[in-house]
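Colleague: If you're matching them up, the sequences are chains A and B in order. One gets the working numbering by counting positions in the first sequence from 1 and adding 98 to each. One gets the working numbering by counting positions in the second sequence from 1 and adding 1335 to each.
In short, the hints are calculated from the structure, not lab data. Careful, some of the hints might be misleading.
[Unchecked claim] A few chain A residues that face chain B, going by a derived Cβ cut-off under 10 Å, partial list only:
| hint | residue |
| --- | --- |
| 1 | 247 |
| 2 | 267 |
| 3 | 322 |
[To be verified] In the DSSO-like style, the derived pairs of lysine-lysine whose C-alpha atoms are separated by at most 30 Å in a straight line are:
| hint | chain 1 | residue 1 | chain 2 | residue 2 |
| --- | --- | --- | --- | --- |
| 4 | A | 424 | B | 1347 |
| 5 | A | 388 | B | 1347 |
| 6 | B | 1672 | B | 1683 |
| 7 | B | 1409 | A | 170 |
Glycine residues also receive a C-beta, built at the ideal position from the N, C-alpha and C atoms.
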Amino acid sequence: MIGKVKEWFMKRVPFNQEKTSKVMSKIFLEEPIPKHMKNWYYALGATPLILFGFMVVTGILLTFYYIPSPDKAYDSVRYITEEVSMGYWIRGIHRWASNLMVIAIILHMVRVFFTRGYRKPRELNWIVGILMLGVTLTLCFTGYSMVYNQLSYWATTVGTNMIKEIPLVGTTILGFLRGGEEVSSNTLTRFFNLHVGFLPTLLFILIVIHIVFVRMHGVSKLEGNENEETYSFYPEHFYHTIIVALFLLTFISALTVIFPPGLGEPADPNNTPAHVKPEWYFFAVYSILKFIPLKAGIFLMMAFVIIAIFWPFIDDMLRKKWPNLKAHYMIGSLTIILFLFFTVYEIIVH
Amino acid sequence: MSENNNSLATQKLIVGIFSILLLIILIIVAAVEMKQTMEPELIVDISGENKNCVNCHIEKSIAVKSIDLWKKSKHAEMSISCVDCHTAKEGDFDAFFCPESDFLVARHPTPKDCAECHEQQVNEFADSKHAHQFWLIKNTDRSVFENPISTRHGCEQCHNVGNLWPDGSVGECDACHPKHSFSKAVARQPETCGECHIGPDHPQIEIYLESKHGNIFRSQEKKLDLNYSSKDGKPIPIDVPVCTTCHMDGNETQPMTHNVSARLAWESQAAWSFRTVWLEESLGNWEMKRSRMESICKSCHAPDFIQTYLLTADLINLQYNEIRRIIVGMNKKLTEKGMVSRLEKDGKFYSDPVLTGWDEESEYLMYHAWHHEGRRFRFGAEMMGADYTQWHGIWEVQDDMVNMFKFAAERGDPEAKKWVQSNDPIKFAPYALYDIPGNSWGINVLSNTFPYVYNAYPDYWERIKANVKAAYENGLLSEAQWLSWSKRYENKEHYLGTKYNVDSVYKIYTDRDNLDTKSMNKKAVELKLPGKPFWSW
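Build out the structure end to end from the sequences listed, making use of the hints.
Modeller: Here it is, written out as structure tokens:
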């Protein structure tokens, strides 16, 4: 029976099965993985991908009920959370997966940064990675605004206000995103479109490019240990990835039960809450901006982003000048400590 | 090689430490933030003098929980703080200096203070019967039968809702909106009304919980958010009425009011049921008040159902008066003839043959037939509490009447003797009757074939019609009610179900009942045990 089906199919889709299978096996199964990747914190690249997968699935399910209009958005989220069968779980996974995806990306970047995984010839893949971080944070930001409660509405207002400060094009971009002077129904439909259409597609393309780069260069070996042994992706690393996926699903489900995302108060554009704040991954930036003038802060952020994008080249230049200076250790550690300090500070002061 | 190993080890250490650190801290941060989405933490501004109040109270552990409650309140959100309400001037009746300080504060903010911001609500409340001190005006039970100390935490606690303050303001807002949260949700919780509207003489909370309204409330209670604003002409946001929904909250057609008397058409807590005349100049007559209530009913019910239901409840109120007429009449006659005596001291009477009195059986029965059973009978009918209309209501009112006749017969009253000796089944209705063809629920074909009066008195409905018409002509029923009643009367065979034949279905149940009876007789009534009794007659 199976033979007959296969024969029927091969007649209609003729291709060299043996050759294809060999190529596929070489690409996907026999990828050489350096031995150090057996340690979990050296091997976090697939984690954001798994979480992205969770979010695509749960995101599609959420759109079955979500209505992107100011009058109905909050109620539809409430309906999903309180009345749709398993709705709270789907929403919880979506929300928690986004949180964990940001954490996973940060951890992955920590590994790549401190092992100088971005070093020649992988500089471009680092830049793709930075772009992916940017797209992920934008997805988080637009997704948070979908809930349309007081917190998210005002976080969106304050967040988009910052765009205005970008030199030359700020006001135009702000008008384009908001579709008017204030956060309104136009903003919500635009953000919805970005959140479920453009940004996930962009992220998907960047993920493909990222993986193609990894496969072209091979997984980077530890600096100074270029003769490191390798093992095949399949079966060990493949099964590890499956185990990680199952663990994440269990872990996120547990988080959803223990810390379910709430609904808050419906958005009220006429009533500014006493305290407006963004999601926690923007706390550090938000906190720093309180200590320095907004314009200076925006310039600082832009400088930081530019340095981050071109870091592989900057690092290379620094090394040529001062061969013994381990600039990436210092800058990396300082960035993490500052990021953690301001994130926790923002929570403690409020 | 060794240096390289060292370098790799350092790298591993740094990546490991930062990974673990970031993972743990960021997951905690994310969890803390996620938890806040469940209960958004209110950011409260405590500054100026209020800061001194809060700090000192915390330091000395005095009413600290009040501060916590206030922090979660709308007041805190709007920056209404301690001194805004507890403000005092020298000479104010409740002004005092906080110990060891020079803060002059008001010990008890009164409605006058609340009116600084909530003037409309305070005024509406002052116009309501909640604010009326009738319990002081007609208060013989407290002044004679009960000793004062017992009533401090009895009558006084509940009637505190209408406290008359030295500053001339009336009421106690926190009777419903508990200090210091002043929560709307708590005020709407039926048990808040039930703090006082409970017990044998006014069991509204028990009636409500017994009713379909209360039952649905219980089933949905955990999902209901009662903390909504009701003053903006929006539809009622909950799917089941709580007490305030009908008596206070607004909908698309009715404004919200703190005057609980604005929608009541009866004085059915009084010794006699009468159509309310409370504040007619501003609230309108009873028909206007009833129309307000009906506007709320219409949020959920069809007009025909509302009309029939309330008309039936109205007729029960009127029926109560007829029974009371007999009971009071008998007690009055016994008093006038000297068969029972009133409480008296120095030429002043302390009991009243038509209202109160506790040392003579007939006085006691007369009082209870009003103050306990008579109220339950009427409240149950108004609020869908069938058991309170029936077993806690009319059954006990009738019982009071029977005992009244027995007592009067023992004391030698000839009419009562005649009543006691009579074997006529109609003797339990020594008063005029009201009725309505059918009920508001539907047509129950056989239920109207059983009452003795229906079968024994062919002119039954003619007599009823004359009484209902008289009630209408005396302004006790509206024209719409009279027309509604007449419509049912004209078509009574339909509404009573007597024109329909369902004997074949009914027979199924009578046959089954016969089997039950047979089984009961065999297994219970006729059962004889072989062991001899231990005592015999």
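Colleague: All hints, please: hold or fail.
Modeller: Checked hints:
1. 247: 8 Å, holds
2. 267: 32 Å, violated
3. 322: 4 Å, holds
4. A:424 x B:1347: Distance ~15 Å between residue 424 of chain A and residue 1347 of chain B Cα, so the pair holds.
5. A:388 x B:1347: Violated - the C-alpha atoms of residue 1347 of chain B and residue 388 of chain A are around 35 Å apart, more than 30 Å.
6. B:1672 x B:1683: Holds - the C-alpha atoms of residue 1683 of chain B and residue 1672 of chain B are around 19 Å apart, at most 30 Å.
7. B:1409 x A:170: 26 Å, holds
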